[in-house]
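K.L.:
Using the hints, position chain B against chain A.
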Amino acid sequence: MKFQIPNSKSQISFKSQIPMIKTCKFGVSVIGIWSLLGIWCLVLGISSVHAQEGNLAAWNKLVIEAKTSQDLYAPLEAIKEFYFKNNKYSDFVDYLKSLAQKKKSAEPFVNYYRALARYQHLKYLEEKQLWDEYFSQGNAYRNELTEGCKMAIAATTGQEPLHIYARLLLWQFHKDQHDSFEESALSDLVVSAIEYSARAKDFKPIKEVADKFFVYKEKGRSKEFYKIYAQKLITSQMPDTELAKAASKFYQEGNLDLSENIYDAYIDRVSKTLPKEELIRVLTEIASIFAYKDEGPSDPFYAEKIFKKLEDKAGKEAFDQEVMYLRGFNLEKAKEYPQAKAVFDSLALRFPKSTHLDEVIFKSGLISAYVLRDKDKAKEYFGKLAQREKNFTAQAVSGLYQLGLLSQWEEDSNAARNFYNRLLDVAAGNFSDTVALARERLKEIEESKPIEYNLKTFLDLSLKKENAGYDMSKIDLRSQPYQVKRKQRVSVDSTAHTAPTGCMHIELQYLWSGHLGKAQTPLASQAEFETSYSSSGTKEINLVVVSPTGIIDRSLDIVDIH
Amino acid sequence: MVRSTKCEVRSAMRRAGRGILLAACGLFFMALLCGVSPLTKQKVFIKTLPGSRYQLMVGGRPYIVKGVCYNPVPIGKNHEYDWWSDPAKPWLVDGKLMKEMGINTVRFYQPGQNAEAVKKVIRDLYERFGIRTILGNWLGFWEYPCPFYADKSFQEKIKKEVLEMVGLYKDEPGLLMWILGNENNYSCLGLINKWSSEEIDKEPDPQRQKAMRANIYYSYVNEIAREIKKIDPHHPVALGNGELIGLEFAKEVSSDIDLIACIIYRGKTFGNLFNSLKFTFDKPVLISEFGADAYDAYLKKEDQNMQAFFLESQWRMIYQNLADYPQGAGNCIGGTMFEWTDEWWKHNEYDPAGWALHSEDAGWSNSSYYIDIRAPKNMNMNEEWFGLVALSKESEDGLNKRTLRKAYYVLREFWKKPVLNNKKKKKR
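Heads up: the protein sequence lines correspond to chains A and B, in order.
Mapping to this note's numbering: the first sequence position 530 is 530, numbers consecutive.
So the number in this note's numbering is just where the residue sits in the second sequence, counting from 1, plus 1000.
One chain only, chain A, in its complex shape:
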């Protein structure tokens, strides 16, 4: 049986190219090499079209000859791909209609694919802004979509993948529309998918449901179904090594939820079998994979969960200084500052000769002062760094600056001046970023001026007890990357979570202060800026966001320049 693409437009497009070839061949002697090449490409193109047409005929044959509904999935998917690739949605619908007449048993599939075609069709029209068709046919396509899904659902049992796919598509449609049926479509889908997962052997629909939930930011639901899917994989007698490979593969694909679920199951398994040393290695490796990094996917909260598991199973001794630093850094980037400080303190205590020592002491000082509002404790940390006689690191120099700043804020100008002057002495021409800041502060003291407005506002909000309501929850402040080399670009971005104001636009002011590098002080209208640093060290970036009716919140971010 020769398969014909049922839509006239497609037939025209295939046939109309054949006479063109003949015409070109006729003129071979008079055309140049480029024309010959062109003809060759055309011939190749036609061959490819014919090849696809041939495939289409073959797939259609498989559909027609399919003995069971299971046999219909693959060829119909291939046919769908062919039409969708060329955005020929109406052609596909026409094909399906003709198929329905030839093969009654394929009707549920016909209805589902008809719905899917219209779903993609509407998306395509919107994306390409083909508005005439969108406005004239939109309602008809939407009806075809919902009807198709409902008919496919009615004609299949809960144990058939098609049933789940049709429910998924219907939910996607209503979700996109945000219409009245969204909730009922969602609960129908969830119930059906759970029932399906209890008995079915083909897990693919479960993963597809979870994937779609993930895409639509239904995080709770996607986790639930990834868990079910992971459970299916686990109970399928898959060896441990294969399970770990599957988890790693999903991580590489950026599907962290699924990867974490499988890793959890994997850890459960190997915890009972692996010797302690090997288990420490495995857990450390998994935590490191998920710990914050400037590039690639990460989930600092999952990483911390695994670090905690490692501590529970093997005690603090399981952490060497690098793993401990990674744990603290990961918590710092997750803005879990008090926990980060606890890890940094522990690192400083256990590894007093660590290469990270000055950095973690300095960070504990920053966290004490500007997060926990404990300036006395902060002074202790900064004091530890400042008390050395020689080998001043960038953090030790910054420690002196912070001691000066806290004294200046307390209006103890003499003490502040001493710290700043000592800083200039020990810097010996290095640490230019911090030296510049110290000079600015000294100038303020000499001229009996208050601390620069943005910085003073940040210090007031961070240190005064009565400002405890400003708890850093209303501003999201991020830098990218966090670990950079000198003179490398750093992007700093902030989002303030304000009360809604409808269609009345509110101008917010962004009061930047701290170690801002080359950008110096960005304009108050700038929610983000780019900078770079000429000297290494740990740089604190401070922000206060102000609305016309008052302060919204403050925030702190820390960047390490190596």
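It should be emphasised that the hints constitute simulated quantities derived from the structure, not laboratory data.
Take the hints with a grain of salt, since some may be wrong.
In silico BS3-like pairs for lysine-lysine, Cα to Cα no more than 30 Å straight-line [to be verified]:
{"id": "1", "chain 1": "B", "residue 1": "K1202", "chain 2": "A", "residue 2": "K217"}
{"id": "2", "chain 1": "A", "residue 1": "K293", "chain 2": "B", "residue 2": "K1377"}
{"id": "3", "chain 1": "B", "residue 1": "K1278", "chain 2": "A", "residue 2": "K128"}
{"id": "4", "chain 1": "A", "residue 1": "K335", "chain 2": "A", "residue 2": "K379"}
{"id": "5", "chain 1": "B", "residue 1": "K1278", "chain 2": "A", "residue 2": "K175"}
{"id": "6", "chain 1": "A", "residue 1": "K465", "chain 2": "B", "residue 2": "K1202"}
{"id": "7", "chain 1": "B", "residue 1": "K1194", "chain 2": "A", "residue 2": "K465"}
{"id": "8", "chain 1": "A", "residue 1": "K245", "chain 2": "A", "residue 2": "K175"}
{"id": "9", "chain 1": "B", "residue 1": "K1278", "chain 2": "A", "residue 2": "K219"}
{"id": "10", "chain 1": "A", "residue 1": "K175", "chain 2": "B", "residue 2": "K1406"}
{"id": "11", "chain 1": "A", "residue 1": "K217", "chain 2": "A", "residue 2": "K245"}
{"id": "12", "chain 1": "B", "residue 1": "K1377", "chain 2": "A", "residue 2": "K219"}
{"id": "13", "chain 1": "B", "residue 1": "K1229", "chain 2": "B", "residue 2": "K1202"}
{"id": "14", "chain 1": "B", "residue 1": "K1152", "chain 2": "A", "residue 2": "K128"}
In silico contact screen, one side only, chain B against chain A (beta carbon under 7 Å); selected entries [stated by the list, open to error]:
{"id": "15", "residue": "G1190"}
{"id": "16", "residue": "P1326"}
{"id": "17", "residue": "G1328"}
Note that the Cβ used here is the ideal one computed from N, Cα and C, for glycine as well.
P.N.:
Chain B only, in chain A's frame:
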């Protein structure tokens, strides 16, 4: 005897019947003489159906508000311009176009100063085009320096204004309902037109402060609604509200409010608004301000399709949640989209030179209108381009020439046949 008695009774009844008929006719003619025609005095009310479904009833029949916000400020003028007294009578040109499109209601945010001119507009729209009017009041939201809703003298001043408005227009046959406020609830959150009181200032918890402001504000609006009903029991009173924000407080103190009039800008849809409202404030809802602009801030050019795309989708959602649509929430009574004509003064109201320029600068950002969200700083909402009708400097009958945008035609077709797939399931 018995028979004769019966005849006497019948005869007496006939006489009495004639008397009643004569009295009724007399009353009818007296009513006509007094100008109170039973045909024009139509009661507007909300009918509650099972399952918290609501229908607006006008003249005894269900009424879907197919409305538009109307403020035909000409090019070169600003919001202070008294278009109500414009000799070119823009509402006559616009009313005809509205009727042809299928619009049955206009919403005025606040009537003009000249009551006779306002009455003329309301009557012309109703008598010539069958278009009804929703009248609103800002409730002092734009008073300088802020609306002091906690201050008794401020409250009394605004209440007096509102009741005067009701007294003036309540008998206009074309009147549909009252809307109190617009997005005034945002002032309770403290970012817009923030107001306070000594008691609020003493409260250290900012969340509690917001709750205190909301309680004061909504109690006050309810008090006005109660007073309105004493003088006008024939028209519903709506609470104007930005989104659903604050309605959890309104719920406790708004027993005299008949419906909620929501200002919603959520792009293609209204999200879960209709269902969520049932839980927070179970009253009917009019989407009293919604829409889309016709300017692509990313490509920097007019885009009528983008506006038509959003508006058609928004109206579809409204229809899906009307009382007679079985699968929807059933609590929506319609909408008044924003707006009929472009308003060229809006981008910078303090710059008179700008009132004659059609500004291409966006005034705010809303990621739900995703087509042009890639505009610089995501500023994609062009306040001067929301009209279904574009204005040009060319004059036609003393008015800025009107050019209908695509949304006009798309919605006209939608209203003719709102395809919603709302067939009820057949009972077997």
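K.L.:
Tell me, which hint numbers fail for this structure?
P.N.:
1, 3, 8, 13, 14 and 16
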